[in-house]
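Residue numbers (this note's numbering), protein chains in the order written: chain S, 1 to 125; chain X, 1 to 228.
Hints were generated in silico from the structure; no laboratory data involved. Every value quoted in this text rests on a predicted model; they were computed, and no experiment measured them. Glycine residues also receive a C-beta, built at the ideal position from the N, C-alpha and C atoms. Treat the hints with caution; some may be incorrect.
[What the hints assert, rightly or not] Examples of chain S residues toward chain X, derived with CB under 7 Å:
id : residue
1  : Tyr16
2  : Gly18
3  : Phe28
Listed below, chain by chain, are the residues.
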Amino acid sequence: MDIQGVIHFMQNYTYYIGAFGLIFIGLFIMLVKRNLIKVILGLSILETGVNLFLVSVGYISKGTAPIFSNASIEGKSMVDPVPQALVLTAIVIGVAVLALALSLAVRLYQHYGTLDLRQIREQRW
Amino acid sequence: MRSIISIFLLVVIAWGMITVLQEIPFGSSETRVGQRYIDQGREETGAANIVTSVVLNYRGFDTLGEITVLFVAAIGLGAVLSTNRKKKKREIESASLVLYTGCRFLFPLILLFGAYIFIHGHLTPGGGFQGGAIVASAFVLVYLGCRGRRISETGSKAVESLGGLIFIGIGLAGLAVGGRYFLSNFLPKGELNTLFSAGVIPILYIAIGFKVGSELAGVIDHLIEDSE
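Please model the complete structure; the sequences and the hints are all you need to start from.
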């Protein structure tokens, strides 16, 4: 891929690059960091990236939001509503998962007295 | 060592992703189901917001699953945090007058905004999940600003269960009256873009709004109670 191809790729895939940037940042944090709170934050960042990717897959060039707020809007120029409906509920589920993970972190801290994954038995890898 | 392995793993995943995504150009969704919902959604559900009609009408059963996941997560959080809880009384420093008055002033306004979001879910961007999150954020404000005030745990449980029961009850009523499937839209559709339109969708979204709001408020209550 020459430099022209790279620029073309960057221009056409900006949203994908952003979404996968977030996904890889989140994965990297989850794999490398040893503090449990940071691992949970990485999970949250990863999930944001996945949501952004799902919405950008459904985008149609120059499309509008799929809402018929007045009669003049045509259905031809609307983006795909199905990924948006998926992400809408996935965000709330993400909040619930985050809260559950944090509560488990609270219990682990109460039991072991530390959040460092190296010092918690059965959590080492 | 660990970060080197991780970076190598991520590079492999990234290379695979780039290879796949070159086949899917950005800005050209190829799915036909979305276009079908856009074309037929207004006549079939009466909701101006197509995302809402997908969430509550075409895929209402999935939404029931989603709120069940949320419910299970809230129950799990309560179960994890409630074991051998020691009731320690700690002196809480009361907030300043400005903070206290400010949060008491803002609390009803945030509740009103959340209610607006979930009542107008079929007309504007928004709906039960978003409105419920806004309602829960009002309770976060109270917990942070007016220390010592609590939501009643029985009250939040009751509202939560009532929301879920209304959702399932309307689904069963759709099965009984509409005849063909669970959660069918049996009420009159009304005129497009008015508040009283789209049949059962606003009622379902109000139920979801109350359920999500009380559930997230309960989650916050558990987490803050444990940290004090």
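Tested hints:
The interface hint given for S/Tyr16 holds, since its Cβ lies 6 Å from the closest Cβ of chain X, which is under the 7 Å cut-off. Interface restraint check for S/Gly18: the shortest CB-CB distance to chain X comes to about 11 Å, outside 7 Å, so the restraint is violated. The interface hint given for S/Phe28 is met, as the beta carbon of that residue sits about 6 Å from the closest beta carbon of chain X, less than 7 Å.
Checked against the numbered hints given earlier, this structure breaks only hint 2.
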